[in-house]
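Residue-level listing of the chains:
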Amino acid sequence: MKFSQEQLDVVQEMINIGVGQAANLLNSISGKHVQLFVPNVKVLNLEQLTHELIDLGFEQGLSCVSLLFSGMIIGSSKLIFSTEQASKLVRAFTNSALDESDFDEIQAETLSEIGNIVLNSLMGSFANLLKTTLNYSIPLYVTGNIDQILSSDVHIQNKGLILYARTHFQIEYLEVKGDFILFIDIDTTPLLIESINKFIEKGGFFN
Amino acid sequence: MDEKYQQFTLFNAIPIGICIINNNFEIVFWNKQLEIWTNILAKDIFNKKLTDVFPNLNNSKYIVPITSVLNGGPPVVFSTQLHKSFFPSFLPDMQPRLLHTTVSHWKCVLTGEIFGIISVEDYTYLSYRIKEHKRMRDEALKEVEMRKKVEEELRQSEQKLRELNATKDKFFSIIAHDLKNPIGAFKNVLELLYENFNDFTKEEILEFIEPLKESSTQLFSLLENLLLWSRAQTGRIQIEPIEFDIVDLIRQNINLLQLQAANKQIKIEMDVPERIFVLADINSITTVLRNLISNAIKFTQPNGKIVVSATSKNNFAEVCVEDTGVGMSKETMEKLFRIDVHHTSLGTANEKGTGLGLIVCKEFVEANGGQIWVESKEGKGSKFYFTIPLAQIN
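In order, the protein sequences belong to chains F and P. Each number in this note's numbering comes from the position in the first sequence (counting from 1) with 46 added on. Counting from 1, position 148 in the second sequence corresponds to residue 141 in this note's numbering; the numbering is continuous, with no gaps.
Because the hints were derived from the structure by calculation, they are not lab data. All residues carry an ideal CB built from backbone N, CA and C; glycine is no exception. Treat the hints with caution; some may be incorrect.
[Claimed, not checked] One side of the interface only, derived from the structure: several residues of chain F facing chain P at Cβ under 10 angstroms:
(1) 71
(2) 74
(3) 136
(4) 140
(5) 153
(6) 156
(7) 158
(8) 161
(9) 165
(10) 166
(11) 179
(12) 180
(13) 184
(14) 185
[Unchecked claim] Some residues of chain F that are not near chain P, with every Cβ distance over 12 angstroms (derived):
(15) 55
(16) 94
(17) 101
(18) 189
(19) 192
(20) 212
(21) 239
(22) 247
Please work from the sequences and hints to get the whole structure.
Here it is, written out as C-alpha cells:
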C-alpha cells in the first residue's frame, strides 16, 4: 500500500491534532504538565512493524492498549509499551514508587485509562477526517510478546494498512516512549485513502 | 422506572454495576449491584441528573469525556488510581471501594435514542489480593534472605570448628611426636647412664650427653613456640603496640643467631637503612624475626648466605629474610601457613621442625596489622616477607 508524502502529511497532522487533545486531557487528570510528541508517521508492512517493536523491548514483554473500531473503516488502534516504560508512565501519573516487577493489574488498569485517552483523541481526529462516526469496542488491555500481541488481531493478519508512529510522552522531567499503531482492514483501506484525497482536494487544513 | 426502560432490568442479573444515562445526563437505569455498593436506591434517583446526584462528577475531566461518548465518541475509562470516587462507595469498614468505570455509547435501534452505559467493576478485592500477594512475596524473600544468612553463619561456624579441630590435632601431633620422641630418647639415655654409670668412661658419658644438649635446645625452642601459640589460640597474648626501631631489632636477633649460623658456616648480612620506626608489639615481632632467621639457617646449605633487608612502603615496613637454601615447591608453599595441613621438613643438617613456627609467625604478624608471604624457587632459595605498620615518628 503506497502513500504519497502529501497523504502522509495529512495523517501526520491528524495525529498531531489528536495528541494535542490527549495531552490536554492528561494534563487535567494528572494535574501535571504533559506533552506528547509523535515525530513521524510511517507506512509499514508486518515484518517492518515487528522490527520496530523489537527495538521497543521485545525481551521484556509488552503492554498494549487496543481499541477496535468499525463503520466506514474497520480496524484497530494500539498503543504499545515495554513493561519498563509502562511502569514509568503509570508511576509518573500516580506518584507511586513501584518498581518494574510491581506492575500489576491495578497499574495495568491505570495504563488502560491513559492509553484510552490517547487512542480516543487520535481516533477522534481520524473520524473528523472521514466525516463519519465509528463504533468502538471497550478498550482492551493485553500483555505478551510481539507475536502474541500481533497474532491476536485479525486486521493485522489480513495484511491491511499499517500506520506506525513512535510516541513520546513528556511528563514534567520524565520521558516515556511507546508506539502508536493503526491497522486498517484491507477492505476499507481504499476508503481511507479516498477520504484523505478528498480532504486534500478541498484545501486540506486551510479549508 | 419508565416503562420503556424496563428492558434494562436484565442488567440486574449481572455482577457488575450498571448505570444508564440519556443524552441529557439523566439517570434512566441504576442496577441492583450499584444499589448494594452505594446504598443509593434506583427509585430515589430516576430521572435525576447524574451531576446532581454525584456533584463530584460536575468537573470537566468527567463532563467532557462523557459528553464525547454521548456524541458517539469512543468509550472512556476511569481507572481506580486516577479517579478514587466516580461513584462514592464504601466497604463495611468504611474503606473506599476501588471501582473501575467505563462509559460507552449505545444507540437504541428501535427509538434512535442515545444512551451512555456506565459500567462499574469492583477492583477492591483484586487490589487486596495483589497487596496480599506482594506481602507474601516480600515475606518469602525475607525468609530466603534470612535462611541464606543462617546458612552463611553455619558455614562460618563449621569453618571455625574445622580450624579448632585442626588446632587440637596439631597440638596432639606435636605432643605425640615432637615432644614424646626426644623425651623418650632422654629417658633411655638417662636410664642407661643411671644403671651402668660406673661402666662408662668420662669420654663415653660426654658422647652420650652431647646429642642430649643439642636436643634439649631444640625442645626448648619447640616448647617456647608451643606455649606462645597456645596462648595466642586462647586469646591470652596481649598485643601491645609501641614505637620501636625495627632495624635495631633485626640487628639484635641476627647477633643472637650468629653462633648457630656460624656452626653451619652460613653468613648473615643486613641490607637496611639507618632506622625504620614501626608501631607494633615488640615481643611478638621478635618471635617472628627469630623464627624466620632460624628457618633460613635450617634450610641453607653450609657456606650459604642469608640476607635480612627492610624498607618502608605505603605506611608499612617490609622485612625480607632471604636465603640461598633448598627452596620449596609451589605445593609446599601452599601448606606453610595452614594449621589444617601438617607440614614439616628436615633441615639441611637434618634439623627437625614442627611446622608450628610459621603458623605462629602468621598469627603474630596479622595481630599486628601486617601480612606475611613467601616467594621461593626449588634449589635456589626462599624469601620470606612480612609487613608491620610504620610509626608516625618517621
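Hints and how they fare:
no.	hint	verdict
1	71	holds (7 angstroms)
2	74	holds (5 angstroms)
3	136	holds (8 angstroms)
4	140	holds (5 angstroms)
5	153	holds (7 angstroms)
6	156	holds (4 angstroms)
7	158	holds (5 angstroms)
8	161	holds (9 angstroms)
9	165	holds (7 angstroms)
10	166	holds (4 angstroms)
11	179	holds (4 angstroms)
12	180	holds (8 angstroms)
13	184	holds (5 angstroms)
14	185	holds (6 angstroms)
15	55	holds (25 angstroms)
16	94	holds (27 angstroms)
17	101	holds (28 angstroms)
18	189	holds (15 angstroms)
19	192	holds (24 angstroms)
20	212	holds (22 angstroms)
21	239	holds (23 angstroms)
22	247	holds (26 angstroms)
When the structure is compared with the earlier hints, no violation turns up for any of them.
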